[in-house]
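There are 2 protein chains.
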Amino acid sequence: MGMGMNLDNIRVVLVGPLYGGNVGSVCRAMANMGLTDLVLVQPRNLNMEEARMMACHATDILDERTELDSLAEAVADCRAVMGTTARMGLYRQHARTPRDWARKALRVAATGNVALVFGREDKGLDNEELSLCTQIIQIPTSDEYSSINLAQAVLICCYEIFVESETYEPPEEKSQEAPSFLREIMFGLWRQSLLDTGFMKLDKADHMMQGLRRILTRGKLTEDDVHILMGMARQASWAARGKAEAAEKAESD
Amino acid sequence: MGMGMNLDNIRVVLVGPLYGGNVGSVCRAMANMGLTDLVLVQPRNLNMEEARMMACHATDILDERTELDSLAEAVADCRAVMGTTARMGLYRQHARTPRDWARKALRVAATGNVALVFGREDKGLDNEELSLCTQIIQIPTSDEYSSINLAQAVLICCYEIFVESETYEPPEEKSQEAPSFLREIMFGLWRQSLLDTGFMKLDKADHMMQGLRRILTRGKLTEDDVHILMGMARQASWAARGKAEAAEKAESD
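Sequence lines, in order, name chains A and B.
The opening residue of the first sequence carries number 419 in our numbering; numbering runs sequentially from there.
The opening residue of the second sequence carries number 419 in our numbering; numbering runs sequentially from there.
Any given hint could turn out to be false.
Intra- or inter-copy, both count: the list cannot distinguish identical chains.
[Unchecked claim] Result set (SDA-like, lysine to any residue): computed pairs, CA atoms no more than 20 Å apart in a straight line: (1) K622 to S549; (2) K638 to Q628; (3) K661 to L607; (4) K541 to M471; (5) K619 to Q594; (6) K541 to N463; (7) K541 to H475; (8) K667 to T484; (9) K661 to E582; (10) K541 to C474; (11) K661 to M650; (12) K622 to T529; (13) K667 to D478; (14) K638 to R538; (15) K667 to R514; (16) K522 to R636; (17) K667 to D481.
These are calculated hints, taken from the structure and not from any lab test.
Sequences are here, hints too, so could you generate the full structure?
Below, the structure is given as structure tokens:
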């Protein structure tokens, strides 16, 4: 099949990249694998001369990159947000390989945007950033030396999707996966609701929410699903506040 | 299965590398994928400081590299010699993907050495070098930009073998694939024999031999096979020379 249109929907997001050479190598790797959409989140004083040199004939991707202040903005319109994590990182029990996720990425990319998110060279993605991800990617590596160069990590993820795309036929999709910004509104409502109902205390809230995020992003979560979940959370908050008010009222009586 | 022993038999050979940074990145990629055996053939004034920097925690591979004067020496003991070629290169009709060859590489590596051969950054492998290869690898890339960075090419080939190795069980091997040096002696005898018998003239010999190389390396070629083929070639040469001598004698009578 002609795959250009699908690959056009796949975005590479680099969070806090440090070395211009890596960013340039990422551009070349993307071009080799048919991708063009590059977003940098808070790049750190990149050496652009090095970036240009390593980008080689892919300087158009470098020139047309977007720079943003937060990962949330970078993936707001993305229906699947696939983040990479180191072997020993958090959530590794949920991680799957680039090959495992390649088909999912293409399925979502047939009708919506997909982000592949890569962390800082020195310290990866932080927990807040990982929590925006709906899929966790772990690249298979040797136990002896698992730390892979940023551009090499990007290459493998893009390569797996490119190889898969050559034989891939997208199925008919009925309902679209929810975009990130909508999921985040939903999770915000649930957070408040679980606090309101006393299910969790503030000091455990972040931890509990990570669990809920995993449960709700394990399968496909459509826009309709998200609207239903938002309704549930709002209603629980309303009920909890009603009960609290009644209790206060009862006390003051 | 424990795969260390198999991956130990897989050698990365870089022919005429130009940039130290690439060689260093190759070391890191090899370490990430469990390989350690690096051979450089006629490296060209490498910037070793850059190499060391990019090798990161894989400087042991860099320090323990072998440097040789010819590809023939570098692969002499290798039973499979897998060379990479650009999309538009010679022999591309024989080329298969890194994934296609990964299982073959592991099968041979279970009992013998395998070379993965990568050409110069600027002009790849020449015809003589490609003729030493028993398998031609072509990495899948976009039509728009097919030229892939050296370290990125090495990574993809090593990655495919590493991923395959995680689930791979080697079969019982009865007869071993012939090593490169023995194949080359055999091809030398055949070249002479085909000249002796008048099958080909000297000006077409290289071209004809490429064809024969393809035919004889398409399947597995064992040491026994090679000895039989050497015998055939020697015998044909002997017969052809006998006939030539008889003709000369008849003329002088």
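Give me the numbers of the hints this structure contradicts, sorted from smallest to largest. 5, 8, 9, 12, 13, 14, 15 and 17
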